[in-house]
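Novice: Assemble chain X onto chain H, guided by the hints.
Residue-level listing of the chains:
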Amino acid sequence: MKTKNILLLDDEFPKIKEFIDDNIYQKAINAKNLYHLALNENWKSLNHLQQLIKDIVTSDAFKVGLISLWGYSEPELALQDIELDCKPDVIIYDWQYGVEMNNTSSQKWLLEILEKTEAFVFVYSQIEALLPEFLNRESFHKYSNRFQLLLKGGKNAHSFSAEEFIFQFIISSASKSGKIKIDGIEIEFTSNEYLSKASDILYLQRILGYQYVLDQLEKIDFLIDTASVEKVLNDSNGYLLINKDKGYLITPENNLIQEKSLKPLEKIGFLDVVKQYSLIILESVLERGILYF
Amino acid sequence: MPVLQEEHIKGLSPIIFAFEGHPTKTRETHLFEGEKHNQEFLSFIYDGKDNNLPKQFHEGLRVTAAELAEHKIDKGNSYRQKCFLWVIDNSSIKILWEMTSNVKRGEHVIDKPFVCHTNITGEKGQAYIGGEMYFCSDGKIYINFRSDRFGTVATKEKKQMAIKYMNDCKFINIINTEDNL
Chain H
8 MKTKNILLLD DEFPKIKEFI DDNIYQKAIN AKNLYHLALN ENWKSLNHLQ
58 QLIKDIVTSD AFKVGLISLW GYSEPELALQ DIELDCKPDV IIYDWQYGVE
108 MNNTSSQKWL LEILEKTEAF VFVYSQIEAL LPEFLNRESF HKYSNRFQLL
158 LKGGKNAHSF SAEEFIFQFI ISSASKSGKI KIDGIEIEFT SNEYLSKASD
208 ILYLQRILGY QYVLDQLEKI DFLIDTASVE KVLNDSNGYL LINKDKGYLI
258 TPENNLIQEK SLKPLEKIGF LDVVKQYSLI ILESVLERGI LYF
Chain X
2 MPVLQEEHIK GLSPIIFAFE GHPTKTRETH LFEGEKHNQE FLSFIYDGKD
52 NNLPKQFHEG LRVTAAELAE HKIDKGNSYR QKCFLWVIDN SSIKILWEMT
102 SNVKRGEHVI DKPFVCHTNI TGEKGQAYIG GEMYFCSDGK IYINFRSDRF
152 GTVATKEKKQ MAIKYMNDCK FINIINTEDN L
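Those sequence lines, one after another, are chains H and X. Under the working numbering, the first residue of the first sequence carries the number 8, and numbering increases by one thereafter. Under the working numbering, the first residue of the second sequence carries the number 2, and numbering increases by one thereafter.
Just chain X, with the same shape it has in the complex:
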């Protein structure tokens, strides 16, 4: 049952706009040019309902044990070169490699010429929740909810349902990095 079912929707609700409910950030103040469009990236965005490896994935993007430790990925830190951004939108999980080029964003957010979560949803798109995921050489998938747009405000229950939904989509061996805090 890869597309969101009633049970998932109930546990993941409410669906939100980027930064909705965020204590300090808003779309008006923190969503910049280059972060609002998704048309250009639609062909790269992977619909995780199909199976468990994103379109852009190749073995070179698998995180090694050494990288896991060095970049503290298991604690929820980031390693951009091998990071996949994910959101659960109104139908399923969508995944995009963070290092997908986005020169338009780099023009306005200096030093960040790559995509962010709103390049998956679009400026006015909504999502239930979002974060990062890493596919590791030991077969584990490390996930976190480090998205200031869609993850910051998520409750514990919402996070649990997101993981359940990923499991239902056949993403197995998921490690929630928040369990390692």
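Looking at chain H on its own, in the form it has when it is part of the complex:
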């Protein structure tokens, strides 16, 4: 598997004299030096970022060379390396640099990064609530599937913290299996027939309920693979109705069943829907009420 190249852009890495003297902050900071800072310095309010660096560097995927990690204290330094053929796969992009108040440079750099790379970018900021105004602009529109806004130290979708989400994304992109965290609980995730990456668990949660899935983790020994996903879906007892001849799936409580005298309809459990179609199809039927396949 190809090594995934992760860039971490943030101007608030702790500054230590020996690194300043060696001009470490004026170029790409290697993983060894980032880890040194994470282990030995006080990151104050950036303790979540500090932990993320520790998690990445101590992961199995990093140890066997499936992940490389570089830090930049200025976006322009990263852009210089990108011009020189650095090809990042994932970029963690802090929004605020120095004292800039009008967000102009932050937008410009982010757009440049999106234009010049094929990386997935986490826009990672403590002022996340103020950023939709900029990121919803038309200039970012064509990249909307390549970036994700996250609150530094915040909680995402009731399950992953921002850093847990970034970590699982990196691990899933580099390796078929690995240890991740959901809501602080350590999980062994293996890419499987139903969930190709760990964040696909969020589909399961939207379908079955956030708390339900968290509660099920203990019953599956905190191991997510094909068999355990099947167990969670099966134990939910959820089902849809299917008309195989006409080719649609419909929710059991849908008014259209009576209104249109829809039949013949057969019961099909959530697990079979996912086996025969996909998790996305199941979510879509539950959202839309009926779906032709």
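Keep in mind the hints are simulated off the structure, nothing from the lab. A few of these clues could be false.
To be verified - One-sided excerpt, in silico: chain X residues whose CB lies under 10 Å from chain H:
id, residue
1, E7
2, I10
3, K11
4, K26
5, H31
6, F33
7, A66
8, K76
9, T101
10, P114
11, S138
12, G140
13, N145
14, D149
15, G152
16, L182
Unchecked claim - Computed beta-carbon distance windows for the label pairs:
id, chain 1, residue 1, chain 2, residue 2, range
17, X, I173, H, K267, 16 to 26 Å
18, X, D48, H, R153, 26 to 36 Å
19, X, Q40, H, R153, 21 to 31 Å
20, H, E107, X, D180, 49 to 59 Å
21, X, S92, H, T197, 52 to 62 Å
22, H, S285, X, P3, 15 to 25 Å
23, X, Q57, H, E90, 50 to 60 Å
24, X, D51, H, E107, 36 to 46 Å
A virtual CB, placed ideally from N, CA and C, is assigned to each residue, including glycine.
Specialist: Frame of chain H, contents of chain X only:
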């Protein structure tokens, strides 16, 4: 008579909050951060009382015959790139292109960084009914009631009145995809 008239209100009532009456979903369990605000989108939301093409519409958003078949739009399936969300609120029909960026929603509902029906009404806003609409190259407008917030619980009579109201707003050649089930 583009603004709702007495006849429309009578046929469309009751007006509901998102998920009200839904058999399995509630605002508490299924309305997420990023799906509750509408202030940011007000300038994009089109008031359909004026004429029949939404503000964000351009010819590139017209659905071709091939797309209609491929995405089974005529059966009520979705094609997000060209989908317009609509609701009829307490005064008229409001329309918003589904692919309008909403990074706040994408933050909490992974893989969905675009708007939904409650980004038209707001968290505490109400609507009589809602769904999707597609403007096709043959001049037809395909509509459905696929909104879990405002369409799932709608009765046949309510749907018929919604179509009548759209006709009164000069939306012509409307095809109700439920007629193709």
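Novice: Does each hint fit the structure? Answer for all of them.
Specialist: Hints, one by one, checked against the model:
no. : hint                         : in the structure
1   : E7                           : violated (26 Å)
2   : I10                          : violated (21 Å)
3   : K11                          : violated (20 Å)
4   : K26                          : holds (9 Å)
5   : H31                          : holds (9 Å)
6   : F33                          : holds (7 Å)
7   : A66                          : violated (17 Å)
8   : K76                          : holds (4 Å)
9   : T101                         : holds (8 Å)
10  : P114                         : holds (5 Å)
11  : S138                         : violated (21 Å)
12  : G140                         : violated (23 Å)
13  : N145                         : holds (8 Å)
14  : D149                         : holds (5 Å)
15  : G152                         : holds (8 Å)
16  : L182                         : holds (5 Å)
17  : X/I173 to H/K267: 16 to 26 Å : holds (25 Å)
18  : X/D48 to H/R153: 26 to 36 Å  : holds (33 Å)
19  : X/Q40 to H/R153: 21 to 31 Å  : holds (26 Å)
20  : H/E107 to X/D180: 49 to 59 Å : holds (56 Å)
21  : X/S92 to H/T197: 52 to 62 Å  : holds (53 Å)
22  : H/S285 to X/P3: 15 to 25 Å   : violated (42 Å)
23  : X/Q57 to H/E90: 50 to 60 Å   : violated (36 Å)
24  : X/D51 to H/E107: 36 to 46 Å  : holds (41 Å)
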